[in-house]
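One line per chain: the protein sequences are A and B, in this order. No gaps in the numbering here: position 228 of the first sequence is 228 in my numbering, and each next residue is one more. No gaps in the numbering here: position 40 of the second sequence is 40 in my numbering, and each next residue is one more.
Mixed in with the good hints, there may be bad ones.
Unchecked claim - In silico DSS-like pairs for lysine-lysine, Cα to Cα no more than 27 Å straight-line:
| hint | chain 1 | residue 1 | chain 2 | residue 2 |
| --- | --- | --- | --- | --- |
| 1 | A | 132 | B | 66 |
| 2 | A | 349 | A | 377 |
| 3 | B | 62 | A | 287 |
| 4 | B | 72 | A | 309 |
| 5 | A | 224 | A | 333 |
| 6 | A | 309 | B | 62 |
| 7 | A | 356 | A | 224 |
| 8 | A | 14 | A | 204 |
| 9 | A | 66 | B | 66 |
| 10 | A | 404 | A | 437 |
| 11 | A | 532 | A | 377 |
| 12 | A | 132 | B | 12 |
| 13 | A | 176 | B | 129 |
| 14 | B | 130 | A | 176 |
| 15 | A | 176 | B | 98 |
| 16 | A | 168 | B | 12 |
| 17 | B | 62 | A | 296 |
| 18 | A | 309 | B | 66 |
| 19 | A | 43 | A | 462 |
| 20 | A | 345 | A | 383 |
| 21 | A | 349 | A | 296 |
| 22 | A | 205 | A | 43 |
Unchecked claim - What the simulated footprint calls covered on chain A by chain B, stretch by stretch (three residues with Cβ under 8 Å from a Cβ of chain B suffice, anywhere in the stretch; the number is not a length):
| hint | segment |
| --- | --- |
| 23 | 243-249 |
| 24 | 294-303 |
To be verified - Label-pair distances were calculated between CB atoms; the ranges are:
| hint | chain 1 | residue 1 | chain 2 | residue 2 | range |
| --- | --- | --- | --- | --- | --- |
| 25 | A | 194 | B | 128 | 40 to 46 Å |
| 26 | A | 173 | B | 12 | 18 to 24 Å |
| 27 | B | 145 | A | 2 | 51 to 57 Å |
| 28 | A | 116 | B | 77 | 31 to 37 Å |
| 29 | B | 55 | A | 335 | 29 to 35 Å |
| 30 | B | 24 | A | 132 | 22 to 28 Å |
| 31 | A | 104 | B | 150 | 38 to 44 Å |
| 32 | B | 135 | A | 104 | 43 to 49 Å |
| 33 | A | 173 | B | 40 | 38 to 44 Å |
| 34 | B | 72 | A | 201 | 57 to 63 Å |
| 35 | B | 158 | A | 123 | 37 to 43 Å |
| 36 | B | 158 | A | 183 | 53 to 59 Å |
| 37 | A | 132 | B | 145 | 35 to 41 Å |
Since the hints were made in silico from the structure, they are not lab data. On a predicted model such as this, the values are computed, not experimentally measured, just so you know. Backbone N, C-alpha and C define an ideal beta-carbon position, used for all residues, glycine too.
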Amino acid sequence: MKLSGAEIFIECLKKEKVNTIFGYPGGVVLNIFDVLYDDKDLKLILTRHEQGAVHAADGYARASGKPGVALVTSGPGATNTVTGIANASMDSIPVIVFSGQVPTLLIGNDAFQEADIVGITRPCTKYNFLVKDVNDLSRIVREAFYIATTGRPGPVLIDLPKDVTSGKADFLWPEKIRIRSYNPIYEGNRWMITQAANEISKAKKPIILSGGGVILSGGHKEVKELAEYAQVPVTMTLMGLGGFPGTHALSLGMLGMHGTYYANMAIQNSDLIVAIGARFDDRVTGKVDAFAPHAKIIHIDIDPTSIRKNVRVDIPIVGDVKLVLRDIIKILKEKGKIQWVEIRKAWLKKIDEWKKERPLTYQKDDIVIRPQFVIEKIYEITKGDAIITTEVGQNQMWTAQFFKFDKPRTLLTSGGLGTMGYGFPAAIGAQLAFPDKLVIDIAGDGSIQMNIQELATAVIHKLPVKVAILNNQYLGMVRQWQELFFRERYSYSHLDVAPDFVKVAEAYGAVGFRATKPSEVEPIIKDAIKIKKTVFMDFRVNWKEKVYPMVPAGGAIDQMLYEEEENKPEKKLRAVK
Amino acid sequence: MRHTISVLVENKFGVLSRISGLFSGRGYNIESLTVGETIDPQISIMTIVTTGDDQIIEQITKQLNKLIDVIKVTDMTELDHVEREMVLVKVAPKQEDKAEVLRLAEIFRGRVVDSGLTTYTLEITGDEKKIEAFIELIKPYSIKEFARTGKVAISREGVKKK
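Let the sequences and hints guide you as you build the complete structure.
And the structure:
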C-alpha cells in the first residue's frame with residue numbers, strides 16, 4: 001500500500017523510536033500536521049517560536065542522549081531555527097530539523113515563504129538534505145539520523161517540499177545503512193595508545209582535560225577510572241562539567257577564562273595534558289602561545305579536525321574517547337605495579353596548596369543577595385540532584401563555578417555559540433525527557449527575555465520547570481567587561497526597563513516569586529521545588545557583582561584577575577586595554 | 001607553500017558549494033578549482049590549488065575529509081604526480097605579426113582551434129610553468145579573450161609519498 005510523504009515521515013520517526021518532537025505549523029507542512037492530528041504515539045510539543053523548538057529538541061537530546069527532533073514550516077519558520085541549529089552544531093548535539101519547503105516546482109521562484117534553508121544552514125549543520133522525490137524520503141531520514149548520532153554528533157536538516165509530503169510512495173525502511181564517504185573512526189591507533197600510556201606513566205605532573213566529548217561518548221566512567229587509577233587530577237571545560245564528579249578530590253573544576261585558579265595553575269605547570277574530547281577553544285586556552293608551556297599534549301578526539309587546530313599536539317589519537325580510554329587503562333594496568341600514589345604525591349600536594357591559596361569565593365552578605373549565594377543554595381537544597389540549564393553570561397559562569405556537577409548530562413548550557421535564550425527552552429526539552437526530574441534554568445534578566453514566550457509551552461504542558469533569574473538589571477557580563485576594560489562606560493548594557501517577572505509568570509499561568517533579601521532565598525527555592533508547576537524566581541541580586549577569577553581576553557590563563565583586587569586601582573589599570 | 005589537492009566527491013547538487021563554503025568560511029584561499037565527472041558518473045573529481053603553511057594544509061585536508069560527500073582527499077604535492085592545465089587565447093595580431101604568433105603556438109606545441117579574418121584562437125596545454133611562459137610571450141600580440149582551466153593532476157604509477 002502506498003503512503004503519503006507525510007505518513008512516511010511519521011513512520012520513519014517511529015522507526016527511529018522518536019515519541020516527542022518540537023515544532024510549529026505553517027502553510028507547507030500542513031500535510032504533516034494533518035497526519036499528526038490523529039496520531040496517538042507521536043507527541044508534538046507546540047513551542048511559541050521555532051528557535052524555542054530547536055533549543056528544546058537540543059535540551060531533550062543533551063539530557064537524554066537521544067536525538068532531538070524539530071518540525072517547522074518554510075521561510076521564516078525555517079530561518080528561525082538557524083540559531084538553534086548553529087548552537088547544536090558548535091556543541092555537537094544530535095538534533096534533526098525538518099523544515100517545510102515550497103513545492104519543488106516553485107523552488108527558486110521567490111515563492112511565498114520560500115527561503116533557501118539548505119543553503120543557509122550548510123555551514124552550521126553536519127549535513128543537510130533537500131528531498132526532491134518522495135521515494136527517497138525514508139532513506140534520507142534514515143541517513144539523517146545515522147549522520148546526526150554517529151561520529152562527532154551534530155545537527156542535520158531535512159527540507160521537505162510540500163509536494164513531497166503529499167506525494168505517494170511505498171514505505172521502504174532500510175535497516176542497514178552505509179554511506180561510502182562517511183566512516184567515523186572509533187578505534188584508536190594502537191601505537192599512539194601505547195605511547196599515550198607510556199607518557200602517562202612517565203609524567204610527574206599530569207592533568208586530564210575532560211571535555212564535552214566525554215559526555216557525548218558516555219566515557220565518564222573511563223575518565224574516572226583513569227584518573228583514580230593513575231592518580232591524575234582532572235579539570236573540565238564548560239561542556240565537560242559532569243563528565244567527572246565535581247565533588248571528587250581529584251577534581252579541579254573548570255579551567256579557562258573563568259576557570260578556577262588551581263585548574264589554570266595546574267595546566268600551566270603540568271608536564272602532560274591528557275585532553276579528552278575537548279577542542280581547545282580560545283576560552284579554554286587563553287593566549288595560545290603561552291598555554292601550558294611545559295606540557296606534552298595527548299589529544300583524544302573522534303574528530304580529526306579538532307586535533308592540532310588550535311594547539312600543538314604530541315600524541316594525537318583519533319577515536320571514540322570511551323574505547324580509547326579503555327585501551328589506555330588496560331595497557332597501564334598491564335604495566336604491573338606502579339606506585340602511583342607515591343609518584344604523584346608532590347604534584348597533588350602542590351595542587352592542594354593552590355586550592356587552599358585561592359578557592360572560589362565571593363563576599364558573604366546579609367543585606368544584598370549575591371548571585372553566587374543563590375546558586376550555592378540551589379546546590380545545597382537539591383543536593384546536586386537536578387538537571388541544570390543555564391542561559392549565557394554571568395549566570396552561566398557562576399553556575400559552572402558554584403554548582404558541583406557529579407553526573408554527566410546534568411548541565412545543559414550553550415558552550416560554543418553562547419546563545420542567550422537557550423536555557424529556558426532547553427529546560428523544557430529536558431523536562432519532557434525526564435518528567436520526574438527536577439529541572440532548573442539558571443538565568444539572567446537579559447537572557448530570560450530572549451525566549452520568555454516559552455512560558456506558554458511550559459504551562460500548557462504542565463512542565464514543572466523552575467527558572468532562577470539572577471536579576472541585576474544589567475547584561476551582567478557585558479557590564480563586567482565595560483567596567484574592567486572600557487573605563488566603566490556602560491554603553492547599552494543597562495536593562496533599566498524590565499518587566500515584573502512575577503507578573504509575567506502569573507500572566508502566563510505560572511507561579512512567580514521574588515526575593516530581595518538573602519534570608520528570602522532559601523525559602524523561595526524550597527517553595528518553588530514543592531510546587532509542581534512552572535515557577536519563575538526573581539532574585540534581585542547585587543548589580544556590581546563580577547565573575548572571578550577572570551583571564552582578560554588574549555591573556556595567558558595564569559594571568560588572572562581576582563575578586564580581592566577589586567579595590568586596588570593599580571591592578572585594575574593592568575586590565576585596561 | 002602551494003598545494004594541489006585532489007578530491008573525490010559524490011556527484012550531487014550542492015557539493016561544490018559545500019567545498020567552496022568550507023574554504024570561504026574558514027578563510028582559506030582557493031587559487032584554482034576544477035571539477036569534472038570521473039569514469040563513474042556518480043563520482044566527481046575536484047582539483048584544488050591552495051596555499052598555506054603545514055598546519056593550514058593539514059586542517060584543509062582534514063576538513064575536506066570531514067565533509068560527508070567527500071570520498072577521498074589526496075594532497076598531490078606529497079606525491080610524484082603530473083599536472084596539466086589548458087588555456088584558450090584569442091589574439092588579434094597585426095598582419096606582420098601573424099607568422100610569429102603561429103610560430104609561438106608551434107614552439108609551445110599548441111594548436112590553432114579557430115581562425116577568423118583578424119583573430120586566431122590558440123589552445124595550449126601544459127604544466128603551470130609552460131602556461132605562464134606562453135602567456136608572457138603572447139601578451140604583446142593583442143589578446144582579445146582569454147580562458148584558463150585551472151589545474152588537473154594525477155599521480156604517477158607506483159609512487160609512494162615523497
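- Of all the hints given earlier, name the ones this structure violates by number, lowest first. Failing hints, ascending: 2, 8, 13, 14, 15, 20, 22, 23, 24, 31, 33, 34 and 36.
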